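So the protein sequences, as listed, match chains E and B.
Residue 1 is where the first sequence starts when you use the working numbering, and the numbers rise one by one after that.
Residue 1001 is where the second sequence starts when you use the working numbering, and the numbers rise one by one after that.
Any given hint might turn out to be false.
Unchecked claim - Derived lysine-lysine pairs resembling DSBU-like cross-links, with alpha carbons at most 30 angstroms apart:
1. E/73 to E/16
2. E/70 to E/3
3. E/3 to B/1102
4. B/1009 to E/73
5. E/3 to B/1057
The set of hints was computed from the structure by calculation and includes no laboratory data.
For clarity, every value in this text was computed on a predicted model and none was experimentally measured.
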Amino acid sequence: AQKITQTQPGMFVQEKEAVTLDCTYDTSDQSYGLFWYKQPSSGEMIFLIYQGSYDEQNATEGRYSLNFQKARKSANLVISASQLGDSAMYFCAMREGHRGGGFKTIFGAGTRLFVKA
Amino acid sequence: DSGVTQTPKHLITATGQRVTLRCSPRSGDLSVYWYQQSLDQGLQFLIQYYNGEERAKGNILERFSAQQFPDLHSELNLSSLELGDSALYFCASSGGASGATKNIQYFGAGTRLSVL
């Protein structure tokens, strides 16, 4: 069965330093997609980065990069040069094909990141 | 602004009642997804519609139903409400772009439902 595991409930990072948020997944499908979303205290879900299972290059979006290790089934998010505004909850998610022709997406429990000045 | 519009932002109602949550997807997106976020269950996928047709179903209760209309907006109907239905309900949309970006789900701001 699909499963997303985020083992770090909370993390602290010093401003301007890099931080890695861990995510492992479990699926028997060959075709799937992996996402990271940010949820600040205001509650909205902000898309950060996407990696397709067939993408050979790691995805990057500005200060965000996804360290995709397919054999290990891990999709860690790396945030470089942390900013105070990065303090938020971060969710890893996986999208898998569904028998109805659509897509089911499951989310991990999230990691709360605190950026210290 | 994600381009996905959800109304209302807040909803307070009583147990046993029925409510309707509305979602307008981003321009050009054909897929709409509904999610429930609660403290004890986390973010749960409920259902997906594509161009008016149901395409995937997750942990959606039988008391809940959804539909997507010809203009692509979607509604989530919650009936016989219970205290445990109190949660943040998100709508997301995707599919309007080409290539890998068509897979990206953009979320609305959510509807916070409080059942008293």
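Now the hints, each set against the structure:
no.: 1; hint: E/73 to E/16; in the structure: 29 angstroms, holds
no.: 2; hint: E/70 to E/3; in the structure: 15 angstroms, holds
no.: 3; hint: E/3 to B/1102; in the structure: 23 angstroms, holds
no.: 4; hint: B/1009 to E/73; in the structure: 37 angstroms, violated
no.: 5; hint: E/3 to B/1057; in the structure: 16 angstroms, holds
Against the hints set out earlier in the document, a violation occurs for number 4 only.
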